[in-house]
Amino acid sequence: MLNTLIQAFNLITTWEVIIAMLAASVYGLVIGSLPGLSATMATALLVPVTFYLSPIAAIATIVAASSMAIFSGDIPGALLRIPGTPASAAYADEAYAMTRKGEAELALGAGVWFSAVGGIAGTLSLMILAPPLAEIALSFSTFEYFWLALLGLMCATLVARSSPVKAIAGMFLGLLVSCIGIENPGGVPRFTFGVTDLLGGIEPIPALVGVFAVAQVMRAMLTPEPPPIPRRKFGSILAGQWTLTKKYQWQMTRGNIIGIIIGVLPGAGADMAAWVSYAMSKRFSKEPEKFGTGHVEGLVEAGASNNASVASGWVPSLLFGIPGDTIAAIAIGVLYMKGLNPGPTLFTEKASSMYAIYLLFIIANIMMIPLGIVMIRLASYVLRAPRSTVMPVIMLCCAVGSFAIGNNLFGVVTVAAFGVIGYVMEANGYPVAAMVLGIVMGTMVEQAFVTSLIKSDGSILPFFDRPISAILASMAIGAFIWPVAVWLWRRLKPRTAAAATTPR
Amino acid sequence: MRLPDRVTGLFLVGLGAAAAFGGWRLPPVPGQPVGPNVFPLVIGIGLLLCGLAIAFGIGHSFEEEEEIVPYEGGEAPAPRGKLYGLRALLPPALLLLYVFVADRLGFILTAALIVYVTATALGARWKLALPLTVLAPIAIHLIFSKLLRVPLPIGLLPMPW
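Chains E and C, in that order, are what the protein sequence lines are.
Residue 345 in this note's numbering sits at position 345 of the first sequence, with consecutive numbering throughout.
Take any residue in the second sequence, note its place counting from 1, add 504, and you have its number in this note's numbering.
No lab work stands behind these hints: they were computed from the structure.
Each hint should be verified, as a subset may be incorrect.
Said to hold, decoys possible - So, partial list: chain E residues that the calculated Cβ filter (under 7 Å) puts toward chain C:
#1 5
#2 9
#3 12
#4 129
#5 168
#6 189
#7 218
#8 257
#9 385
#10 390
#11 392
#12 419
#13 447
#14 450
Remember, it's a predicted structure, so these values are computed and weren't measured experimentally.
Ideal Cβ positions, reconstructed from N, Cα and C, are used throughout, including at glycine.
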């Protein structure tokens, strides 16, 4: 144990890792703070760069950039009422109201401080949850993996902030995309329409870049430019944060726990965690009437929550290759490329790498405090960068990055196509995250299903009579029946349903 | 680009039916209970059912809450002509342009074209757009070609490094 820890230290204390991490932090802070550029997009555009780094340095860039970007989205939220990333949307109004009251320092300080606390709590959950789960997962067979993958897909639809039917449709679309290519049980070209480039299937990473980056540039074409930020001097950022920590320690802990749970659930990420935690904070607050008028309580809870989910999203990703959120979906792609194939054996065979990941998360969250303060002070300069200079550069990065993934121009076509698909889906209320999950997990679901059926000689009984398999099966089926039941219930009792607020 | 649910739902029905049909026609693997045809069949039928449900407005009641997203910074855009919505297609069109001309024109020229068009479309004045058009492709070329060794097409305008 101590030996592995020392090995892990050696892994991360190389110049390559340190420089990569610092650069990625700055990059994450800048991208996160620019409205319209999300943390997922920041991570997706990093992927081509990670090709040329050692495995640990590659993971370090992703960890640092994603954690920083989630915090940094709070900055324009507080100063302009425009969330920098969707994860800050839940409380941008509240933070802006605080700025108007002259408490911008307190709002931004709470952002950076509770983000760091949340990130560390999430990392602790990763350290505590993952190894014992890995023990259990070692005994998993394809039957369990099938149910687990199905459960993951169902989770994404349950927690989506839109119609569950549309979420399921999005998931099916993703699965359909994963059908393309020759990598299937029969090895026959499937849905390739005679195009040679489609034989290899659709690469998840260009698809993600398209859905999250190109679609965003497309949206920028039609939306007005956000107003410039007024220049201002800030007082002490961290003043008063310790009092807040003591005053709201229960809210903070609850935010951490909710964030961890939502992070672990496949497909649901930081934005969902922030929404749920903010709503929860308001519901259980002693002074709910203050919410919306510039009250810091919701900020504490939601800020702690969204960063906690970033780290805990890695739990299912590392254990099963099931992404906890869209950022983790990208991380999984990078893990595969770096020979750190997700799976329970990762924790026994590559234990030092796992410890290195924990350490990276903790360091990134500690670094967030000083770097975040610098970023807040420089925000009025960074946010002055007009959209018309940022978006063209993003376009170039999309083109070159997707080309670099396979040194193949077909990647650029994929990016363009998925940009359109993502844009149309988002505009019509179809959650993009559900489709992403489908694309990433499709092959896994199909392989687990087909291999299981071959093993059982076509009988579906073993899907239910193995103990863990049965539990997972009932959970997956329950997850499917739940929205149907809610819908029926609402149908039968339209009056009461309208009055009651249904938690989800 | 908000289409009525009926339209997107019916599109999904069509796509699902096509996927199911395409999957059903794939050859099964002899001696194996399930082949490559099962998965697309299941997905296609699933999509079809979802599409039907969406077209008939099932599950729409869950969507109401989404309207409260506080994303109303800035004023509402001035109403423009019908073709204004097509501007959204500019980024993917530029990427496709890159695919077709990058090998002939080379990275620098194609990239400059993309940058200039995107910047002006987003309302940059020429004072901003021109320097960006010159500097951004060179910077990206430096990072990707020199540092990361991505083989970018040289084309008409080779870089001196």
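In ascending order, which of the hints set out earlier in this document are inconsistent with the structure? Going through the list in order, the structure violates hints 1, 2, 3, 4, 6, 8, 9, 10 and 13 and respects the others.
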